[in-house]
Amino acid sequence: QKEVEQNSGPLSVPEGAIASLNCTYSDRGSQSFFWYRQYSGKSPELIMSIYSNGDKEDGRFTAQLNKASQYVSLLIRDSQPSDSATYLCAVTIILTGGGNKLTFGTGTQLKVEL
Amino acid sequence: DVKVTQSSRYLVKRTGEKVFLECVQDMDHENMFWYRQDPGLGLRLIYFSYDVKMKEKGDIPEGYSVSREKKERFSLILESASTNQTSMYLCASSFRKNIQYFGAGTRLSVL
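Protein chains in written order, with the numbering used here: chain A, 632 to 745; chain B, 14 to 124.
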């Protein structure tokens, strides 16, 4: 089982719709969760971080975390063509012997169609 | 704003060459990371460093080494470049709560 799993997509949504991106993780001890957006040929940029169960909203973006189900999601409201990108889920994984590292999923490609 | 600068956007090298990729951050971050990104494989951690002169192996360290002589600079070294090291290389730095900030990336082609 991969440590962080995402559906690779592409996920296609019409402009103005809600895009829902999902991520599951394997380490029950994970404490920090992130969503990065990556445009083709560019580097990842952080768009949301979430550390406790529930929802966190920032503009058109909402991150949702459910630690019991080991599930984190990203909702994008009023999707725009400029949201078309690959979205990477990242989770801290606790290392044996202490410490932690950030582990990335392989990303979900989102396409927002006119 | 956090600024992570990678020395080159594109590099073309020959098999067997020694290759240096440089990364500099301007936010006094303790933690720095090197990843490579390949289609279908996502971001894979090569090496990381939590302090000056300190280094830890990531998931795929074979064929690579690193150097961190100063806090702001983290270098990735390919001792003898091979074609399977053709990839996008990304440097990142972080300070707290594991939020990592990425440089623009270096696309390396080894011929």
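None of these hints come from the bench; they were simulated from the model.
Note that the Cβ used here is the ideal one computed from N, Cα and C, for glycine as well.
A hint or two may mislead.
Simulated restraints, written as ranges between beta carbons of each label pair [as the list claims (entries may be wrong)]:
| no. | chain 1 | residue 1 | chain 2 | residue 2 | range |
| --- | --- | --- | --- | --- | --- |
| 1 | A | G685 | B | S95 | 45 to 55 Å |
| 2 | A | D709 | B | E82 | 44 to 54 Å |
| 3 | B | E82 | A | K698 | 34 to 44 Å |
| 4 | A | K633 | B | F108 | 50 to 60 Å |
| 5 | B | F33 | A | N731 | 24 to 34 Å |
To see whether the hints hold, each was checked on the structure:
Checked against the given bound of 45 to 55 Å, the beta carbons of G685 (chain A) and S95 (chain B), roughly 47 Å apart, stay inside it. Taken as a hint, the range 44 to 54 Å holds for the pair D709 (chain A) and E82 (chain B), whose Cβ atoms sit roughly 48 Å apart. In this structure, E82 (chain B) and K698 (chain A) meet the distance hint of 34 to 44 Å, their C-beta atoms being roughly 40 Å apart. Between K633 (chain A) and F108 (chain B) the beta carbon distance is about 28 Å. The supplied range of 50 to 60 Å is therefore violated.
Checked against the hint of 24 to 34 Å, the C-beta distance between F33 (chain B) and N731 (chain A) comes to roughly 29 Å, which is consistent with it.
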